[in-house]
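Visitor: Chains as they are written, first to last, in our numbering: chain X, 1 to 115; chain Z, 1 to 112.
Hints are not guaranteed to be accurate.
The calculated lysine to any residue pairs, modelled on SDA-like cross-linking and capped at a C-alpha distance of 20 Å, are [said to hold, decoys possible]:
{"no.": "1", "chain 1": "Z", "residue 1": "26", "chain 2": "X", "residue 2": "44"}
{"no.": "2", "chain 1": "X", "residue 1": "13", "chain 2": "X", "residue 2": "87"}
{"no.": "3", "chain 1": "X", "residue 1": "13", "chain 2": "X", "residue 2": "103"}
{"no.": "4", "chain 1": "Z", "residue 1": "56", "chain 2": "X", "residue 2": "103"}
{"no.": "5", "chain 1": "Z", "residue 1": "26", "chain 2": "X", "residue 2": "41"}
{"no.": "6", "chain 1": "Z", "residue 1": "26", "chain 2": "X", "residue 2": "58"}
{"no.": "7", "chain 1": "X", "residue 1": "13", "chain 2": "Z", "residue 2": "40"}
{"no.": "8", "chain 1": "Z", "residue 1": "69", "chain 2": "Z", "residue 2": "40"}
{"no.": "9", "chain 1": "Z", "residue 1": "26", "chain 2": "X", "residue 2": "13"}
It is worth saying that the hints were derived from the structure and are not from the lab.
Computed from a predicted model, the values in this text were never measured in an experiment.
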Amino acid sequence: DAGVTQSPTHLIKTRGQQVTLRCSPKSGHDTVSWYQQALGQGPQFIFQYYEEEERQRGNFPDRFSGHQFPNYSSELNVNALLLGDSALYLCASSLEGQGVRNTIYFGEGSWLTVV
Amino acid sequence: SQQGEEDPQALSIQEGENATMNCSYKTSINNLQWYRQNSGRGLVHLILIRSNEREKHSGRLRVTLDTSKKSSSLLITASRAADTASYFCATDARSGANNLFFGTGTRLTVIP
Chain X
1 DAGVTQSPTH
11 LIKTRGQQVT
21 LRCSPKSGHD
31 TVSWYQQALG
41 QGPQFIFQYY
51 EEEERQRGNF
61 PDRFSGHQFP
71 NYSSELNVNA
81 LLLGDSALYL
91 CASSLEGQGV
101 RNTIYFGEGS
111 WLTVV
Chain Z
1 SQQGEEDPQA
11 LSIQEGENAT
21 MNCSYKTSIN
31 NLQWYRQNSG
41 RGLVHLILIR
51 SNEREKHSGR
61 LRVTLDTSKK
71 SSSLLITASR
81 AADTASYFCA
91 TDARSGANNL
101 FFGTGTRLTV
111 IP
């Protein structure tokens, strides 16, 4: 049973560039959430996708956008990168109808460094 | 903010000792989940406790929840060097929001 998979694992970008991170949810899950974790901090909720729509959003600017595909996989896009966007980006999957009321599984994350 | 807060921020113990970490939160919840994170890696789910439960066990883990005090504790018994990691509690919102709120974690070091 495949868990949550994310790619790439590490990447380095320059300020002002754009980045796309990818996530495949755990088998059988249909809801994907994205979190940002700065060094030494806990994860912060960015947004959640269900049925290819953004259902909920945290306190992040519009530079952060996403997409969910019919196979439930998801992308996180960040435009006009800032140094402060350097972080571990975590994808989490769950099954709708259960949401946070049951276990939410996380991937290994994508380390983004902005220089 | 509903963010959970873990206490202590860092904990260092000898192998074989028990480790206790605490979490406090601010608003009513449906569930509270504990996660473990090895350095630079993803979050591994440890245990979920529902708001109507008071205690839950899983192997060497024991979690308690006191909704009147808005607090939870995670006990790891007979610790091992491999338990060295950061531990986070994560809460949801009873209002129906579908996201988790994390604290800053407890960094546990188990000395062999």
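Visitor: Output the numbers, in ascending order, of every earlier hint that fails for this structure.
Guide: Structure breaks hints 3, 8 and 9.
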